[in-house]
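Undergrad: Given chain D, work out where chain U should sit, using these hints.
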Amino acid sequence: MELVVCLEEPKRPWLSLRCTVPDDVSAIGIYGPSGVGKSTFLRCLAGLETNAHVAVAWPSRIMQCDAKPRVGIVFQDAVLLPHLSVAENLALAKRYANTRPQSQYMQSLCDADVLSELAIEHLLNEPVQTLSGGEQQRVAIARALFNRPDVLLLDEPVSALDNALKQRVLNCLCHAAQGGVLIIMVSHALSELALCCDWLIALQQGEVVQQGDAATLRHTLLMQHNADGEPQSEPLFSIIPVAAIQPRTNHINQYVVAGHTLYMVAAQSVSNRLKIDANQVILSLHKPQNTSLQNHLPTRVLTVQKISQATMLVSLQLLSLDDQETDIQITALITSQAVEQLNIQAGRPMIASFKAH
Amino acid sequence: MDWQSIQLTLKLAFLSSVVLIVIATPLAWWLARWQHPLRPVVHAVIALPLVLPPTVLGFYLLVAFSPNTALGGFYVSATGSTLAFSFTGILIGSLVYSLPFAVQPLYNAFEHLDKRFIDVARTFHMTRWQQFRHVVLPLTKSAFVTAAGLSFAHTLGEFGVVLMIGGNIPGETKVVSIALFDHVESLQYADAHRLALLLLIFSLVLLSLLYRFNRRQVLKWN
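Going line by line, the protein sequences match chains D and U.
So in my numbering, spot 237 of the first sequence is number 237, and the numbers just go up one at a time.
So in my numbering, spot 21 of the second sequence is number 21, and the numbers just go up one at a time.
Calculated directly from the structure, the hints in this document are not laboratory data.
Remember, it's a predicted structure, so these values are computed and weren't measured experimentally.
Treat the hints loosely; a few may be bogus.
Partial selection, computed: residues in chain D whose CB lies under 10 Å from chain U [stated by the list, open to error]: (1) G47; (2) R70; (3) D77; (4) R95; (5) A97; (6) N98; (7) A140; (8) R143; (9) A144; (10) N147; (11) P149.
Positions of the beta carbon are idealized from the N, C-alpha and C atoms, including for glycine.
Chain D with its partners taken away, still in its complex shape:
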């Protein structure tokens, strides 16, 4: 997939982007600080900037034989029609819905599922003005989905949500992406993009500075920000791709990764990516006994990097049940003192443990 967007207008951030994304990518994350033209980029892709030069070769799976794909957009501040109730806003989007959606997700879209995934069933009869910012954001996402687009552009879609809801909404977007809808999502938080996107594009001053596979680039970007000592840099984390096992018990979700079972509290809805904060990971030489920690994964140390005077970041490769290396990485933030005590160095097998929430 080829994306070329150029926009030069007085009083607007200047934009000149050119990037190539593999066709099998289902969700693209646009990352960058505020004011670099991320939102303008989305507007251009949606065809809303008449002065922009936009040339996109969409992946063939979303191309309608005789027409451009339908591109939906969700603005950061929702832009719901204030004279209509929530249900009426959704009904209007449905009334003008795409009659020939290309994705299997959109062809089999079930309204009730979307409403419950986004936790907005109880809001249907509310007037739009009484909704909170987070509620408006979720209704706006539902409205965009109800229009059955082939490509969905989202501008900071979870910025006004608390963590549990954030996870829920991102899972909903993941479902759409897995079902064949091309998701392009803008955010200034790598953790949000990492949970949903498999390709990242980093913008700076209206240009692409870095792009690549999400797992690799996310780590690189996180490390850069921490190395630069940016005050607003995000805490380090890693993402583990998992498969959910049914049924869940005691409000705990069960997941499998490389043959190992993981447990996560079910307050977060079922997802296929788990975000593990690096400062929540505990490293041990042997599997801890008699501990409240629920998750233990066998790993091998890849690298040990100094983050600050007192802390070090250990990158670990996950091992499968039969001790084979997988391509899944986990990071742990520990003190230099601990590194010394346990003599942690590259190649050393370690058990990485973390709590179930």
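TA: Using the frame of chain D, we list chain U on its own:
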């Protein structure tokens, strides 16, 4: 009571506001989007009737209505009578005279309308008419009511222009304000009082309703 004049005035005011909404909507929409150095001039032309003596307007209209001009000539060839001293003539007069009252509220509303509402409608692939019907019209409803109401009320108060181009033909151009002037000239003060009071009360009620409606809208939208 001059029922004929009252009926004629209501008909003139009603037709004026209907036609004005039809003309002013696209005009105000275009003006709110048009970026050009000549924009203030167009604004000024539309606002001219606010400041010009109605006699000036009436005089130029009378000139334009003459069968020697394109407009006047066309009307004569199409209908066989002249525009001056006809109902159509005073209707055209009131359209010009009340145009700023229809354009201004619509222009303000369109200019303050968040363009992203229309962006969303465009991504839904709505046609221009659907965008107008489902998004623009409901969001600017109060401006439409204000524009129609003010045009109506302002046409009721029209005097100078009608006197210049319409004269005083009962059932054709003799509106209430002209009838009132007639009564005063012929010293029929009782009749004059009745018509004056009627216009006063009617205008007061109409404007009060408009303000009431607008206040409700403002509360509703914020």
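Undergrad: Could you run down the list of hints and mark each one as holding or not?
TA: Here is how each hint holds up against the structure:
1. G47: holds, 8 Å
2. R70: Nearest chain U Cβ about 7 Å off; hint holds.
3. D77: OK, holds: D77(D) within 10 Å of chain U, min 9 Å.
4. R95: holds, 9 Å
5. A97: Since chain U brings a Cβ to about 8 Å from A97(D), closer than 10 Å, the hint holds.
6. N98: holds, 8 Å
7. A140: holds, 9 Å
8. R143: holds, 8 Å
9. A144: Holds: closest Cβ of chain U sits about 8 Å from A144(D), inside 10 Å.
10. N147: Hint holds; N147(D) Cβ to chain U Cβ min 5 Å, cut 10 Å.
11. P149: This hint holds: P149(D) lies near chain U, its Cβ roughly 8 Å from the closest one there, short of 10 Å.
Checked against the numbered hints above, the structure breaks none of them.
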